[in-house]
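J.: Protein chains in written order, with this note's numbering: chain G, 1 to 318; chain D, 1001 to 1316.
Hints are not guaranteed to be accurate.
[Said to hold, decoys possible] Label-pair restraints from in silico Cβ distances:
no., chain 1, residue 1, chain 2, residue 2, range
1, G, Ala249, D, Lys1206, 40 to 48 Å
2, D, Ser1029, G, Ala58, 37 to 45 Å
3, G, Gly286, D, Thr1176, 50 to 58 Å
4, D, Ala1170, G, Glu305, 44 to 52 Å
[Claimed, not checked] Derived lysine to aspartate or glutamate pairs resembling EDC-like cross-links, with alpha carbons at most 16 Å apart:
no., chain 1, residue 1, chain 2, residue 2
5, G, Lys242, D, Glu1204
6, D, Lys1173, D, Asp1258
7, G, Lys208, D, Glu1204
8, G, Lys188, G, Asp173
9, G, Lys258, G, Glu248
10, G, Lys96, G, Asp167
[Stated by the list, open to error] Reference excerpt, derived from the structure (chain D facing chain G, CB under 7 Å, subset only):
no., residue
11, Tyr1080
12, Leu1174
13, Lys1181
14, Pro1197
15, Glu1242
16, Gln1243
17, Gly1250
18, Gly1252
19, Asn1256
20, Glu1260
21, Asn1308
22, Tyr1312
What the hints contain is simulated information worked out from the structure, not anything from laboratory work.
Just so it is clear, CB atoms sit at the ideal spot from N, CA and C, and this is done for glycine as well.
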Amino acid sequence: MSRHLIHSILVTLLVALTGLLASPVTAAAGSDSLVSTEWLGQHLGTPGMVIVDVRTRANYDFGHLPGAVSLAYSGLEPYNNKTRCQMMPSPEQLTKMLRSLGINRSSHVVIYDAGNTTNDATQGGASVWIFETMGQKNVSYLDGGFTKWTFEGRPIDKVVPPVREGDFTAEHDATKVATLDDVVANLKTKEAIFLDVRNSIQHFGIDKRPDVVRYGHIPGSLNFPVDFMTNAGINRAPATIKSPEELEAMAEGVGLPKDKDAKIIVYCNSAQQAGMGYFILHNVMGYRNVKTYDGSMLEYAQDKELPLVRFAWGFVTE
Amino acid sequence: MNTYKSKLAALLAAAILLVCSYGAAAAESQKLVSVDWLAENLETPNVVVLSVGAFTQYEKNHIPGAVKAFGPWQTMNDEYVGFMMPKVNDLVSMLRSYGVNNDSYVILYDEGVTAQDTAKSARALWTLEALGHDKVAILNGGFAAWTQAGKAVSTEPVVAAPGNFSGELAESKLATKAEVKKALKSSKVFIVDTRLPDEDFGHEKKNYIKRFGHLPGSLLLPADFVTIAGIEFSPSFVRHLEQLQEMAKGVGLPANKDVEIITYSNRGTQAALGYFVLHDLLGYTNVSVYDGSMLEAAADKSMPLEMNKWGYKKKM
């Protein structure tokens, strides 16, 4: 009898342990990748936590979360003259930027954005991808951002906190980034699934951003618009991330496999939406092999030799 | 002999015009006429021009000789569901009052700024075809194309001599809720959602639609995609035939033109534009419009709807 009891306890422990191991990567580092305003409200001022505001500097100056430092998203994906599109900064540049904000290797970085629209959320989501790609292990994203925080009447101020230079050192992790070469190679090998997270009208090739030079999508791409990943929409805010159940249903509904080891290359126009797609798929849903195509359509469409499909759903042509 | 010569000359001129105005004219046919063709044929006997756009627009100015044909082209049915086909008798007397005869070639036009405008003409075209009147066409680009081409406009309201139009409903053009329900169980019927992708996926919906999502397994061909109208472009010219063909294939429709297709939208207007493209331009022979569309389907809990997925997934 008692042996049976011990056995069942062991099994329970084992199940719990497996559960721990199976949860998303960042959880192992001690905090969730998606934190609520309630949680952050209770943990303001925790030693080692750096809150990063990725809205514009003007917005930051007007009022921000207590203790937050400012790093406008435009600085994280500056225009790159060589590729003629927005690309993440070099490790050296990022090291300098993050050190000046007082970020250490051991810091727990909490990123927030305006949180009003999905477009706002893409700034925070893409920032998470960039921080992680550059080797910052412990990064969280504030669900609903500044909009949810202020809707709930939580405190904001204008105080720019004193900063002691951090020891953050960027180490570029190539497994999180797809280059143009990777994308071109994958056109043939088809090892990875191309995931287009632009809106469906751009995916179908009816519309495009003016600075993207051609219409259409990479052949065989699935379409999972970032707009679908948050609760924001016409007359709806803030842009909180949809529930895990909804995300799982949608991933299946756009044709992604259930296998979390599937290789996925996410792209959009400039990598901002794709970075958010990475964050959702990798950090929230637990897909392990996700890369963001940094150059995205801004870069890809420039090479006239590369195939683009118009007037079709990627899912159907596949 | 003389009239024969002049007819020949007119035909030749029309052919040249068609070739010259390629930019806008590629999909044009008997079912989609160009501004130039209409300008040439305003005086042609049997040509009846109907303005189906907003009556305020008509009262400001309109194509000379055009009749104000505001409708109602869609109204409440016996179950008090809005935006359905009116009773056939009402439609017949309405069309007679517009001066439509059984041998009339009816040319429909709208504001021509957005694809939704074009959909109004398409709904009127579908209505006429459903009543058995095939001699009907849409003016490509509508009133916007007309005025941009510098054609004459008139402020004089037209009082039409009553026509002798008669028609009967061809059941095959109109899909009822019961028929759609049945079709959902068939793998042979292609149901086509002509709303926006966000609505198809169930991320957004119109306020007057009761539930999110789409009819299970439907393909997605947004009516907004079939014209070149966009945020920065008008007139709402219908896309080139080759592009429309690519789209039909690209959304998962088969090459076989005899398959059964049912189009739907929020309230049956965009669905009619889908019908027009598939039936009148691409030549699918067996297309009907689900008249009640989502307005009716979403209000009926027994109609299955899917969300958080693309409808076309099932047809893979």
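J.: Hint by hint, say whether it matches the structure.
T.: Now for the hints, and whether the structure bears them out:
| no. | hint | verdict |
| --- | --- | --- |
| 1 | G/Ala249 to D/Lys1206: 40 to 48 Å | violated (22 Å) |
| 2 | D/Ser1029 to G/Ala58: 37 to 45 Å | violated (55 Å) |
| 3 | G/Gly286 to D/Thr1176: 50 to 58 Å | violated (46 Å) |
| 4 | D/Ala1170 to G/Glu305: 44 to 52 Å | holds (50 Å) |
| 5 | G/Lys242 to D/Glu1204 | holds (14 Å) |
| 6 | D/Lys1173 to D/Asp1258 | holds (14 Å) |
| 7 | G/Lys208 to D/Glu1204 | violated (21 Å) |
| 8 | G/Lys188 to G/Asp173 | violated (24 Å) |
| 9 | G/Lys258 to G/Glu248 | holds (8 Å) |
| 10 | G/Lys96 to G/Asp167 | holds (10 Å) |
| 11 | Tyr1080 | violated (27 Å) |
| 12 | Leu1174 | violated (28 Å) |
| 13 | Lys1181 | violated (23 Å) |
| 14 | Pro1197 | holds (3 Å) |
| 15 | Glu1242 | violated (9 Å) |
| 16 | Gln1243 | holds (6 Å) |
| 17 | Gly1250 | holds (3 Å) |
| 18 | Gly1252 | holds (5 Å) |
| 19 | Asn1256 | violated (16 Å) |
| 20 | Glu1260 | violated (19 Å) |
| 21 | Asn1308 | holds (4 Å) |
| 22 | Tyr1312 | holds (6 Å) |
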